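J.: Here are the chains, one letter per residue:
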Amino acid sequence: MRNLLALFGSSPFEPLVEHAKKVHECVALVRPIAEAIIAGDEQRLRELQHQMSKTEYEADLLKDKVRAKLPRRYFLPVDRDDLADFLRQMDRVADDAEDFAVVATFRKLSLPAEVHQEFLDLADKVVAVSEALLNVAEHLAQLQKEAFSGPEATDVMEKIQQVCHMEWESDKLSRKLARHYYNMNADTVTIMLLEKLCRNLTSIADHAENVGKNLRLMILRK
Amino acid sequence: MTLTILLIIAVAAGFYMAWNIGANDVANAFGTSVGSGALTIRQVVILAGIFEFSGAFLVGTNVADTIKGGIIATEPFSGSVELFGMGMLAALLAAAIWLNVATYFSQPVSTTHAIIGAVIGFGVVARGPGCVAWTKMGTIAASWVISPLAGGIIAYIVYKCIVRVVLNSRHPVYMARMAVPLGLSGVVCIVVLSVLYRGLPRLRLDLPLGVAAAIALPAAAAAYVACRAAIQIRTRNRRIRLAERYIVVERWFSRLQVVTGCYMAFAHGANDVANAVGPLAGCIQIFREHADTVATKTPVSPLLLAFGGVAIVVGLATYGTKVIEAVGRKITEVTPTRGFSAEFATASTVLVCSKMGLPISTTFVLVGAVMGVGIARGFAAIDLKVIRRIFASWLITIPISAALAAGIFMLLRLVLGT
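If you're matching them up, the sequences are chains W and R in order. For the record, in the first sequence the residue sitting at position 129 is 129 according to my numbering, with numbers rising by one throughout. For the record, in the second sequence the residue sitting at position 53 is 53 according to my numbering, with numbers rising by one throughout.
Some hints could be false.
No more than 30 Å apart at the CA atoms, straight line, and that leaves these computed lysine-lysine pairs for DSSO-like [unchecked claim]:
{"#": "1", "chain 1": "W", "residue 1": "K213", "chain 2": "W", "residue 2": "K176"}
{"#": "2", "chain 1": "R", "residue 1": "K160", "chain 2": "W", "residue 2": "K213"}
{"#": "3", "chain 1": "R", "residue 1": "K136", "chain 2": "W", "residue 2": "K159"}
{"#": "4", "chain 1": "W", "residue 1": "K69", "chain 2": "R", "residue 2": "K385"}
{"#": "5", "chain 1": "W", "residue 1": "K69", "chain 2": "R", "residue 2": "K330"}
{"#": "6", "chain 1": "W", "residue 1": "K65", "chain 2": "R", "residue 2": "K385"}
{"#": "7", "chain 1": "W", "residue 1": "K145", "chain 2": "R", "residue 2": "K330"}
{"#": "8", "chain 1": "W", "residue 1": "K69", "chain 2": "R", "residue 2": "K355"}
{"#": "9", "chain 1": "W", "residue 1": "K159", "chain 2": "W", "residue 2": "K176"}
{"#": "10", "chain 1": "R", "residue 1": "K355", "chain 2": "W", "residue 2": "K65"}
For the record, the hints were derived by calculation from the structure and aren't laboratory data. The model shown is predicted, which means the values in this text are computed figures rather than measured ones.
Looking at chain R on its own, in the form it has when it is part of the complex (with noise of 0.2 Å):
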């Protein structure tokens, strides 16, 4: 009985993470979009929907993964395991609490982030520090350095070589034509490479890399051909006088955009999901299949990550439609080739770290992206302070949210008598 009530609230917690990612991050992807018109917000509910789905159930599975089973060593567990069972709820709540709270105070707070820390402070609290596996969160620590960085470097490239090969040529549309389906294949190399390179093994996606990098370069060469086709009869051959060609430029890029906001939305959902489902998969093996001893090696089920999946695109169209269209309000400083740059940056380093099975926040890595084409003298003004209040707030998050979790933890224990 009591078994079940814990299951009803972690499942409760879990959606409830799954949410708030849903309706606070995904602006992320879509903003700039929405913002330069290139997509209407319904548009957006339904694309984001299709690929923070896809992305979640495709990809997602990695990182869950790690957080059920790869920070918390179950070994000492053996024996008492509804005591790890509570132990990830408790981390479930705390996330979720600290996340409110944080949004409160308007603090940029990172839902990885908040997970992790609540994950290690049970951990800490049920089984002492041993128990954590810190080889494996030094490896998690360190990405979370250098994904932003990652970011940086990728979008100041991308930027730099837009600015060289397109906006400084002497036929800068001519050169967008070529520019923009190229983007597109590199999108799509991606994204196919990541979902059938050790993809989801009950749907057979688990082929190896040579097989995948087999269908995924025919298929980026497909989108080429097609998106230079599609190119060649949407345009009229008329000239273009130089102060226009700008414009025209912004304007394919806006095009592409639309394709990169999708990247970046599979990308997050690939990452983000396993925030809320990694934890939940933690309980449910234990309050629901009754399990004796905690198996890491069992990977998290795809009907809990469509369960994730199906979360996130709720928090999405119910609450995330406001955040877009606040900030694609405003952001009117991010221009289509600007945001292409940094989103590219963004969704393809945070995809690979998915495919490590890499816990990482999104946000961190756009906002390394954005710095990385502001050093390439993309942007009018970056504020540093607010780098300074993101990067603050990371730092503090940690130790609260574990605290937090170490809290429930043993105010579940007491109110349950185990």
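So here's chain W without its partners, still in its complex pose (with noise of 0.2 Å):
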């Protein structure tokens, strides 16, 4: 019986939400990041890049962690790709993040106030999505100890379809930012590197999808 216990190895379902909301919290400063972004505050937003950057790499250690646990070795209840694929787009997520702290340190940048609340507006959105995907990838542990499926995995897929539609909202918005800035009286410089955040902040939205998508898999397939 003492062998039967090395069994069981450990879960690589618990990491995985810690790894989760490590990546949330880089997307949570995005918007501290707008803002200093409007307000053209220079300092505070190389301040941001650096923590943005700490708080990614300190996720890229926990997606290690789960990697490890992921050899062919282990038999999982989930597809083993779907699980990899989990944690890839989860890790774009945060690099995403990064992204967006690194190109906003690029050029002082003075964003006409026609745009300000948009802006806010698109990057709360997004902030959104993923608080939306960590109430999901929360999930993942219990979800795990529940065979994935009764009344929490049915939960889990109503949450999941919210944050596709979260999702969309951000396009949205982000379309409506872009109809304005490219409209607007400013340098080029400006625009461009506008374009690029925007970018940026939709590709979090977009790969956030696709983490919630890639558990939809999980819970049905199998």
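Combine both chains into one complex, guided by the hints.
T.: This is the structure:
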């Protein structure tokens, strides 16, 4: 029986939840960065970018910890590739958030007041998408305990639908913002950088949606 | 004089084997119950003691008969029966030695495989491969493959049913209150049937199937009703929040798991006592009763089964508690619903095999059952490498214990000059 103990490998699902939390910590920094961009506070931006890099690095460490638990010798209750994909997409969310922070430090931007509100709205929406995703991912460990079925699974499926819906909303916001900034009176470099920032923001939401879809596959498949 | 010495050695070796079985394998049955806090160590010793002993005493005879007289044909030994007795002694010693060596290198080894290998080993050396009942051996070998598969399939079905019917339902707690008595009555039905149907003739327990079923089914029904009533009395009708339901269901199953633990102990006693008592019975028949021929047909005496049962309980009480504690502390992955599914499947498979006189490895069946629950998405990560290692040690155990038994047998012959 002592040998049977070794039969139960350590679960990859709890560290996966840890990773998801860390990734959301990265995304949560998006809002203060957006505020600092509008305020044109370069000092603050550099600080935030530094903090972002640190958090993203910690998320990477957690990611490696999960990866270490995924060799073929373990028999998992979900498709291994789905799980690896989940992790990869989650990692991209953190990467996009870091890119956003880095791009923000390239040049001092002075955004015209007309786009301020829309820019903040987009940032908020993206953070909300990530938050909704975290809300889903946090259930992963519990889902495993309940064999990926039951009321908990139904609940999670609904929440994933919400994430997808919010991603669509963030897309709408970014389009609206794009129509605005391509037509405003500002220098080309500002518009270019703003476009880059927006692209990073929507990319966060995109990848968050992918994570949700991956989780859906994990619940359904097999 | 020499015969008396051999007899004493045989009894000691038999006792040691049974002690070993009690010390190492009872954790299979109760490790999870201790881990979940459903039982204390002292309660486990009492329950496991009662059920290991009853299993060994009431159902142990079939497998013991197989090991004693079903694997090696006894006719070639007529005229020199003491050879047969010495061989059985050599088998006991070989299995005991190999178990110790394997445990030292922390290899998962099955007592069953060791003893069967050893019996074949001495048979081949004593009277050539012709005296081994290969058809019977084929059946046994097949049962070694089929029993883990059966355990796995049953565990899969049971766990899937629990998930579908209880956990997935809109009222999981309500469904659990139905499922738990059902599980209990299933256990009661199978155990009663196994004891009564072709049971011990001396206790007049060898009833035909119809009569046995006529007693077992009402007993199961009574267990169901009693359990339902007990649950009705103990539950307050309060609303349970969604998040808590899962925990409440698991708590109900953790109570049921105490029953399946006893069931496991019963089945384990029934099958594994033979590993010690089967060869010992052969020795005793020859050394003590000075039998001229090896009587294949005489069943192993209940007294000997009781001896084996007591030795198992001693092993459990002296060393098994440590193993159970160690296992219980670490085994958090197995929640009560999973533990119930795996244990129910294992115990049922082992008990059926015991009735058929097939010596199988309880641990192997349990591994199969764990895998079954795993396929039903029950576990976070099952280490397939460990399964491979268990399989490998199974493969090497048989030739090694056979060679050991052959060596010891020849040594005994040399020393005694026969």
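J.: Would you check the hint for K65 of chain W and K385 of chain R, treating anything up to 30 Å between C-alpha atoms as holding?
T.: holds, 20 Å
J.: Is the hinted pair K159 of chain W and K176 of chain W satisfied, with a Cα-Cα distance of at most 30 Å?
T.: holds, 26 Å
J.: Given the hinted pair K69 of chain W and K330 of chain R, is their alpha-carbon gap at most 30 Å?
T.: The hint holds at about 18 Å.
J.: Hint check: K69 of chain W vs K355 of chain R, CA-CA at most 30 Å. Holds or violated?
T.: violated, 42 Å
J.: Mind checking the alpha carbons of K355 of chain R and K65 of chain W for me, to see if they're no more than 30 Å apart?
T.: Distance of about 49 Å is beyond 30 Å: violated.
J.: Straight-line Cα separation of K145 of chain W and K330 of chain R no greater than 30 Å?
T.: holds, 17 Å
J.: Is the Cα-Cα distance between K213 of chain W and K176 of chain W 30 Å or less?
T.: holds, 26 Å
J.: Between K160 of chain R and K213 of chain W, is the straight-line Cα distance small enough, at 30 Å or below?
T.: Distance ~25 Å between K160 of chain R and K213 of chain W Cα, so the pair holds.
J.: Within 30 Å, alpha carbon to alpha carbon, are K69 of chain W and K385 of chain R?
T.: At roughly 14 Å apart (the allowed maximum being 30 Å), K385 of chain R and K69 of chain W satisfy the hint.
J.: Between K136 of chain R and K159 of chain W, does the CA-CA distance stay at or below 30 Å?
T.: Between K136 of chain R and K159 of chain W the Cα gap is close to 59 Å, so the pair fails against 30 Å, i.e. violated.
When held up to the earlier numbered hints, the structure conflicts with 3, 8, 10 and fits the remainder.
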